[in-house]
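Student: Residue strings, one per chain:
2 protein chains.
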Amino acid sequence: MMHFNTKMLIRSLQKAKNAQYVFRNASSGLPDLTKDRYPVNRADFATLGDKHLQFFRDLLGPQRVITDPAECEGYNVDWIKAVRGYSTCVLKPKTTEEVSKILSFCNDHTVAVCPQGGNTGLVGGSVPVFDEVVLCTSQMNTIYDINDTSGVLICQAGCVLESLDEALAEHGLMMPLDLGAKGSCHIGGNVSTNAGGLRLLRYGNLHGNVLGIEAVKPDGQIIDLLSTLKKDNTGFHLKHLFIGSEGSLGVVTKVAIHCVPKPKAVNLAFVGLPSFENVLKVLKRAKRDLGEILASCEMIDESTLEVCTGNLKLRSPIPEYPFYMLIETHGSNNAHDEEKLNGFLGDVMDSGLVLDGTVTNEPSKMKNIWDLRERITEGFILDGYVFKYDVSLPIEQFYSLVPVFRQRLSNHPDIVRITGYGHLGDGNIHFQVSCKQFSREILEKIEPFVYEYTSRLKGSISAEHGIGFRKPKYMKYSKSPESIAIMKDLKKMFDPKGILNPYKVLPP
Amino acid sequence: MMHFNTKMLIRSLQKAKNAQYVFRNASSGLPDLTKDRYPVNRADFATLGDKHLQFFRDLLGPQRVITDPAECEGYNVDWIKAVRGYSTCVLKPKTTEEVSKILSFCNDHTVAVCPQGGNTGLVGGSVPVFDEVVLCTSQMNTIYDINDTSGVLICQAGCVLESLDEALAEHGLMMPLDLGAKGSCHIGGNVSTNAGGLRLLRYGNLHGNVLGIEAVKPDGQIIDLLSTLKKDNTGFHLKHLFIGSEGSLGVVTKVAIHCVPKPKAVNLAFVGLPSFENVLKVLKRAKRDLGEILASCEMIDESTLEVCTGNLKLRSPIPEYPFYMLIETHGSNNAHDEEKLNGFLGDVMDSGLVLDGTVTNEPSKMKNIWDLRERITEGFILDGYVFKYDVSLPIEQFYSLVPVFRQRLSNHPDIVRITGYGHLGDGNIHFQVSCKQFSREILEKIEPFVYEYTSRLKGSISAEHGIGFRKPKYMKYSKSPESIAIMKDLKKMFDPKGILNPYKVLPP
Numbered sequence: 014m015m016h017f018n019t020k021m022l023i024r025s026l027q028k029a030k031n032a033q034y035v036f037r038n039a040s041s042g043l044p045d046l047t048k049d050r051y052p053v054n055r056a057d058f059a060t061l062g063d064k065h066l067q068f069f070r071d072l073l074g075p076q077r078v079i080t081d082p083a084e085c086e087g088y089n090v091d092w093i094k095a096v097r098g099y100s101t102c103v104l105k106p107k108t109t110e111e112v113s114k115i116l117s118f119c120n121d122h123t124v125a126v127c128p129q130g131g132n133t134g135l136v137g138g139s140v141p142v143f144d145e146v147v148l149c150t151s152q153m154n155t156i157y158d159i160n161d162t163s164g165v166l167i168c169q170a171g172c173v174l175e176s177l178d179e180a181l182a183e184h185g186l187m188m189p190l191d192l193g194a195k196g197s198c199h200i201g202g203n204v205s206t207n208a209g210g211l212r213l214l215r216y217g218n219l220h221g222n223v224l225g226i227e228a229v230k231p232d233g234q235i236i237d238l239l240s241t242l243k244k245d246n247t248g249f250h251l252k253h254l255f256i257g258s259e260g261s262l263g264v265v266t267k268v269a270i271h272c273v274p275k276p277k278a279v280n281l282a283f284v285g286l287p288s289f290e291n292v293l294k295v296l297k298r299a300k301r302d303l304g305e306i307l308a309s310c311e312m313i314d315e316s317t318l319e320v321c322t323g324n325l326k327l328r329s330p331i332p333e334y335p336f337y338m339l340i341e342t343h344g345s346n347n348a349h350d351e352e353k354l355n356g357f358l359g360d361v362m363d364s365g366l367v368l369d370g371t372v373t374n375e376p377s378k379m380k381n382i383w384d385l386r387e388r389i390t391e392g393f394i395l396d397g398y399v400f401k402y403d404v405s406l407p408i409e410q411f412y413s414l415v416p417v418f419r420q421r422l423s424n425h426p427d428i429v430r431i432t433g434y435g436h437l438g439d440g441n442i443h444f445q446v447s448c449k450q451f452s453r454e455i456l457e458k459i460e461p462f463v464y465e466y467t468s469r470l471k472g473s474i475s476a477e478h479g480i481g482f483r484k485p486k487y488m489k490y491s492k493s494p495e496s497i498a499i500m501k502d503l504k505k506m507f508d509p510k511g512i513l514n515p516y517k518v519l520p521p
Numbered sequence: 014m015m016h017f018n019t020k021m022l023i024r025s026l027q028k029a030k031n032a033q034y035v036f037r038n039a040s041s042g043l044p045d046l047t048k049d050r051y052p053v054n055r056a057d058f059a060t061l062g063d064k065h066l067q068f069f070r071d072l073l074g075p076q077r078v079i080t081d082p083a084e085c086e087g088y089n090v091d092w093i094k095a096v097r098g099y100s101t102c103v104l105k106p107k108t109t110e111e112v113s114k115i116l117s118f119c120n121d122h123t124v125a126v127c128p129q130g131g132n133t134g135l136v137g138g139s140v141p142v143f144d145e146v147v148l149c150t151s152q153m154n155t156i157y158d159i160n161d162t163s164g165v166l167i168c169q170a171g172c173v174l175e176s177l178d179e180a181l182a183e184h185g186l187m188m189p190l191d192l193g194a195k196g197s198c199h200i201g202g203n204v205s206t207n208a209g210g211l212r213l214l215r216y217g218n219l220h221g222n223v224l225g226i227e228a229v230k231p232d233g234q235i236i237d238l239l240s241t242l243k244k245d246n247t248g249f250h251l252k253h254l255f256i257g258s259e260g261s262l263g264v265v266t267k268v269a270i271h272c273v274p275k276p277k278a279v280n281l282a283f284v285g286l287p288s289f290e291n292v293l294k295v296l297k298r299a300k301r302d303l304g305e306i307l308a309s310c311e312m313i314d315e316s317t318l319e320v321c322t323g324n325l326k327l328r329s330p331i332p333e334y335p336f337y338m339l340i341e342t343h344g345s346n347n348a349h350d351e352e353k354l355n356g357f358l359g360d361v362m363d364s365g366l367v368l369d370g371t372v373t374n375e376p377s378k379m380k381n382i383w384d385l386r387e388r389i390t391e392g393f394i395l396d397g398y399v400f401k402y403d404v405s406l407p408i409e410q411f412y413s414l415v416p417v418f419r420q421r422l423s424n425h426p427d428i429v430r431i432t433g434y435g436h437l438g439d440g441n442i443h444f445q446v447s448c449k450q451f452s453r454e455i456l457e458k459i460e461p462f463v464y465e466y467t468s469r470l471k472g473s474i475s476a477e478h479g480i481g482f483r484k485p486k487y488m489k490y491s492k493s494p495e496s497i498a499i500m501k502d503l504k505k506m507f508d509p510k511g512i513l514n515p516y517k518v519l520p521p
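Going down the list, the protein sequences come from chains V and H. For the first sequence, my numbering assigns the number 14 to the initial residue and increments by one for each residue that follows. For the second sequence, my numbering assigns the number 14 to the initial residue and increments by one for each residue that follows.
Rather than coming from a laboratory, the hints here were simulated on the basis of the structure. Small disclaimer: the values here were computed from a predicted structure and weren't measured. Check before you lean on any hint, since a few could be wrong.
For chains that are exact copies, the list does not tell them apart, and a pair is met inside one copy or across any two.
[What the hints assert, rightly or not] List of simulated lysine to any residue pairs, SDA-like, C-alpha gap at most 20 Å:
#1 277 with 297
#2 471 with 88
#3 297 with 182
#4 489 with 368
#5 297 with 274
#6 48 with 159
#7 275 with 162
#8 277 with 373
#9 275 with 294
#10 380 with 301
#11 471 with 161
#12 486 with 56
#13 489 with 66
#14 326 with 394
#15 489 with 469
#16 277 with 351
#17 486 with 62
#18 300 with 279
#19 471 with 225
#20 114 with 68
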């Protein structure tokens, strides 16, 4: 195992932590405007004037048309502060009909629109690039129905994921997806970006779990695909066009999701391992021995964990090891689950695959362990600037980017750490190069090499974060020219004027 | 419980069994030609001539261009003998490139093409309506890869579902789907029709399980979407356009599927119940108590079971009851599974919900029980003529069609039985009205009422069988005009000349 001299870098980080980030404007704490940083030109959309604002105010009332520049700011910048638009108008519709009227008007007047949920995206998809009107779903947060027998939830797009989980818990149900951003992200945004997350291994993806959606096309037409049925083979399966197209083809306004029974027994193991080779072996045994109760199988490397233990001062329940795994089980009988889990853990300890570990079903202890995984992104922000990649790779090569880049970028003084962690069970790694400050030199050593490398291994250059504003030109590394041509034809068909979430997803 | 005097009807059936079916041509055993029975006009496609045949023979060699009328017959008629075309040419490509060349040529020469897998469809989607060239995938049956670690299978479209399951078993894996037609159906057809089946309850649908496909557009362009990754958010999720569009937008040539571990423990319970009310209660308890090991939950009503015990002379392991349920568990630890299952069965017996039952994990006994479920369609053919509907309904109304129609059609002398059975756990019932012979009078009492009824309850008029040739005009009962308009735009975009599987899926 090659170590990246992390301790030394962590120390230098501690000193650098309060320094000004190059990617931010020191006076305001905000990053530069996207238009000033990236080579992108504003398309020929209308500039917002009084007649537009008057229409919006007549429709929504003055309270739900935000034009105060200070208040608009939060809607213009993404949460990792990487991109920033300068919209002067944020709209907060409450109903599908209001969304329809807004889009119809904007389409007629060639006003560009940026749909926004919880604004937790990581690829710049949820904030304006220039002055697009922000259509925010935060007031569309009605839960219409939770059916105990069928497990179907129907709600508006602006419901926060965690709130949905809380409401479902009262019915003995649980959302099939879970992510670190659950306290802020909206279900409409989850669906629009085909969010993956921590439980996909067990409960599958949104293309499988979303039973129906309602969406509004850019011309204002409402498309009712809000089926609540598990099986419905009546024509082309249109809902999937809206799942994962990042608000390019329409604004998702309602969703029906097949929820799962809230597990009666939840157990979490946190283990330390000496090598990635062992990580792979433990994954294979977990699948075999835990079978139907395996719910999550995450990996964290040593240097990643240090952003939590070092930057965020979280405590790890076990000493330092080159690799860690979080293995969570969900089941209906705790005695059975514990027997399976203890058998599995005994086996991987006895065989020397795992060096150390802890297992718990106490909620507070589980939360402490999950914090070590879920707060990683937050912890990295304190490193300075993070080049963050979210790729799928064949499982055998899951971790290969890290040693490759440690070699490629060795001895660069600005680098804090090069690390990998993520959804091992799904073959989806988050790969980071963190630096004291933004460096174009480092960027150019990473990109496009990281995409070329991923493409050579037939991986995906964006496993779950999407394309957004920051990756359209790299889509070619995961999609063929023929596929991209079809996407462009679809965009033309759904949005001939291109008003919806422009400059994003599709390559120019 | 209202009983439909089934015994009496069974007796009359036994006498009628050898009579000539009105829907068949007595001399040949074949149904009338579709063009003579249904009000449909041939579109302005080319009629096949020597130049076309010469091209096909040059491309495929004479062995894989079938023009012998007797040999073509089997490709012209569906297996329930409800529709029949008169194609004079069946093509059997082996490679994607051959499919591409065939479609490109047919598109250039405006020759209509009917793609065909195992020809096990139930809505007339897989046979020609007129003289469309049949593009049969039976020789595209190569398995490219089975990955033990990731569980990913990559194969050609013409692989038979059961053969795939056999190949996977050697790797400790299993297909996520299973259906009665498994011995004949092709995986390409399964994907193209979004087949559901018996394990969907546990393993989810094909939109969730298919990782990638390769398809050929009607103009011959090969679309490579053959990802093997569980997560890939790089642009619009195009593969879903081909899953369930019944060969209207392209011919699926390869698939990558996420397969599941073959369960170490399989147990099957077959129970008798006094009422549908009890069926619903047992479903709810099965979900609660069997949780993660529940793999199938099927319901059969008394009158349906009699097509197996009466028509097919199969033996039921328990006496007669108004309702039966098949409950199968898949797990990784047989002791745990048996404990859960025995606890559940003890509970539903003690509480009087279930009157009788048998449980087994012996493969031969399980097969005998599954035969009672899987051979129902075959058994119904012996009733004479079957009006067969495949609908999704809200679970509370799952069985409601049967009493409604027993009342609506009471005292009609031609009726053998009115029954329901199916995928209870997925809300998908197969509803039948079987008659001694085809009767337009009965048909008109069933349709469109059955669709109107389903639509009023927000059900699906085709849960898993699709639209095919027989249901386009009823699609409106499950899909809005806006959705149908988008489907038509998509068809125009993918297939401007309309050569691929014409007269099907989309309403005229």
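Student: Hint numbers the structure violates, sorted upward?
Tutor: 2, 4, 6, 10, 13, 17
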